[in-house]
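Enquirer: The sequence shown begins at 1 in the UniProt record's numbering and counts up by one.
No lab work stands behind these hints: they were computed from the structure. Careful: at least some of the hints might be erroneous.
[What the hints assert, rightly or not] Label pairs and their calculated CB-CB ranges:
| no. | residue 1 | residue 2 | range |
| --- | --- | --- | --- |
| 1 | Glu40 | Gly61 | 16 to 26 Å |
| 2 | Glu101 | Ile71 | 12 to 22 Å |
| 3 | Glu97 | Gly61 | 45 to 55 Å |
| 4 | Met44 | Glu94 | 41 to 51 Å |
| 5 | Glu97 | Glu64 | 46 to 56 Å |
| 6 | Met45 | His67 | 18 to 28 Å |
| 7 | Val65 | Glu40 | 38 to 48 Å |
| 8 | His78 | Trp55 | 15 to 25 Å |
| 9 | Gly61 | Asp31 | 47 to 57 Å |
| 10 | Thr93 | Met44 | 36 to 46 Å |
| 11 | Asn34 | Gln56 | 44 to 54 Å |
Yeah, the Cβ is synthetic: ideal placement off N, Cα and C, and Gly gets one too.
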Amino acid sequence: MANQFFPDFALFAKVIPQPVPVQKVQQHWLDGVNNLVNLELEAMMEYNHLWFDLWQDCASGDKEVCHERLIDHWAEHHKLLMDHQKRRESVITEWKEHIEEVL
């Protein structure tokens with residue numbers, strides 16, 4: 001079944017002369033998409049947690065505490081962004097390498 005997220009590998013099989021283990025490619029394609037979706041959801045929850053903590057700290061009305069928390073928040077936000085980018089690149093690289101091995 002082909003759609004925008006899952007290509008029709010039967011078309012590739014007609015073009016590629018050697019036999020291609022289409023079932024393995026399809027399963028790994030689905031596993032890779034699932035891993036990426038889970039990674040993005042996990043990062044989104046972590047970002048939301050950071051913003052909620054900042055909101056709680058600033059809700060008290062103490063401007064000094066809020067200002068210090070805002071500085072800490074952006075440092076944590078940057079670290080989270082860099083960690084997430086590394087994890088995403090790792091998953092995508094592993095995904096590509098496996099598909100290349102199968103093909």
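Enquirer: Are the hints correct? Go through all of them and say.
Expert: Okay, the hints, checked on the actual structure:
Here the CB-CB span from Glu40 to Gly61 is close to 35 Å, at odds with the stated 16 to 26 Å. For the pair Glu101 and Ile71, the supplied restraint of 12 to 22 Å is violated, since their beta-carbon distance comes to about 46 Å. Distance hint check for Glu97 and Gly61: the Cβ-Cβ separation is about 53 Å, which falls inside the suggested range of 45 to 55 Å. Our hint of 41 to 51 Å for Met44 and Glu94 is violated, since their Cβ atoms are close to 21 Å apart.
Checked against the given bound of 46 to 56 Å, the beta carbons of Glu97 and Glu64, roughly 50 Å apart, stay inside it. Restraint check, Met45 to His67: a C-beta distance of roughly 26 Å satisfies the suggested window 18 to 28 Å. Checked against the hint of 38 to 48 Å, the pair Val65 and Glu40 fails, with Cβ atoms roughly 32 Å apart. Between His78 and Trp55 the beta carbons are some 19 Å apart, a value that agrees with the proposed interval 15 to 25 Å.
The hint said 47 to 57 Å for the Cβ distance between Gly61 and Asp31, and at roughly 49 Å that hint holds. Against the hinted window of 36 to 46 Å, the Cβ-Cβ separation of Thr93 and Met44 comes to about 22 Å, which falls outside the hint. Look at Asn34 against Gln56: about 33 Å separates their beta carbons, and that is not inside 44 to 54 Å.
Hint compliance for this structure: hints 1, 2, 4, 7, 10, 11 are not met, and every other hint is.
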